[in-house]
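Once you've looked at the hints, dock chain B against the given chain A.
Chain residues, written in single-letter form:
Number of protein chains: 2
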Amino acid sequence: MTELAFQDQYADEYAHCYGCGRLNEDGMKLKSYWDGEETVCRFTADPKFSGGYPGFLYGGMIASLMDCHGAATAWAAKARTVQQEATRFVTASLKVDFRAPAPTNVELEVRGKINEIKGRKVVVDLTLSAAGKLCAEGSAVMVEIPINRQEG
Amino acid sequence: MTELAFQDQYADEYAHCYGCGRLNEDGMKLKSYWDGEETVCRFTADPKFSGGYPGFLYGGMIASLMDCHGAATAWAAKARTVQQEATRFVTASLKVDFRAPAPTNVELEVRGKINEIKGRKVVVDLTLSAAGKLCAEGSAVMVEIPINRQEG
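Chains as they are written, first to last, in full-length UniProt numbering: chain A, 1 to 152; chain B, 1 to 152.
For reference, chain A alone in the conformation it holds in the complex:
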């Protein structure tokens, strides 16, 4: 099976994100998929992405993982609901509650659940776990870029 990640279906012009863009050669190339009614993204962080203490991820990276996966989940939710191609979602608001340190060098699982879809807005609930232990949870308000957006 060669299921395409959500991020690998973005138009080229939207695929440069350091977190999840397939065209960003320096980036992390996060990949998100459906898992039933939820979405999932798995990622193992290099030890260089340490927090203050070695062996644990810095907070900004945890926010990054939840942000990119949240945007991808919103994209997928919209595409499935309206049966037409979504453009790309950007973050209007992100809230992260940190529950436990997240280790580097261990596969992390970020899960998304659709809370609300309303016009161009999608609200996604998110968790980040390591080996089944909850490390962070939160939610993101994502907004779709209008189809005929003019670049300024």
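Simulated from the structure, these hints should not be mistaken for laboratory data.
Don't take every hint at face value.
[Said to hold, decoys possible] Computed beta-carbon distance windows for the label pairs: (1) B:Asp97 with A:Arg80: 22 to 32 Å; (2) A:Gly132 with B:Asp26: 22 to 32 Å; (3) A:Ala79 with B:Arg80: 44 to 54 Å; (4) B:Glu3 with A:Asp8: 44 to 54 Å; (5) B:Glu116 with A:Thr81: 39 to 49 Å.
No experiment lies behind these values; they were computed from the predicted model shown.
Virtual Cβ for every residue (Gly too), placed ideally from N, Cα, C.
Positioned in the frame of chain A, the structure of chain B alone reads:
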């Protein structure tokens, strides 16, 4: 004048953060300082830290800048208030509202303002601007690591 950044006063054991640790050779080495009653951190992002569109920062990086500067602000606020050395603050909760795209290759200014200090908890209000334009705002709840913390 050779004012020491807050992060350059952390104990070695807490100085490995990818965002702001002086001992993380791969990291961004963010530096935060007092500016009157507020704190400030200036950073120019390499274009590789792009969002979906080239030329603008990915959301996770914006959260990272606010998170590291928030933790440093909490540390400095605590140290100044109690007149004793603070250990290190970790993030309990981070909220970011994204107001406008933040450019890469332009000096960004992250500012912190102390909202509340209560025991080990410090709440910091944060903004991120580029050339005077507000790009993001939010707040962080930071919690100090106990002094005699045992590593497990």
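Structure-based check of all given hints:
1. B:Asp97 with A:Arg80: 22 to 32 Å: holds (27 Å)
2. A:Gly132 with B:Asp26: 22 to 32 Å: holds (29 Å)
3. A:Ala79 with B:Arg80: 44 to 54 Å: holds (51 Å)
4. B:Glu3 with A:Asp8: 44 to 54 Å: Check passed, 47 Å falls within 44 to 54 Å.
5. B:Glu116 with A:Thr81: 39 to 49 Å: Cβ of Glu116 of chain B to Cβ of Thr81 of chain A: about 41 Å, so the range 39 to 49 Å holds.
Checked against the numbered hints above, the structure breaks none of them.
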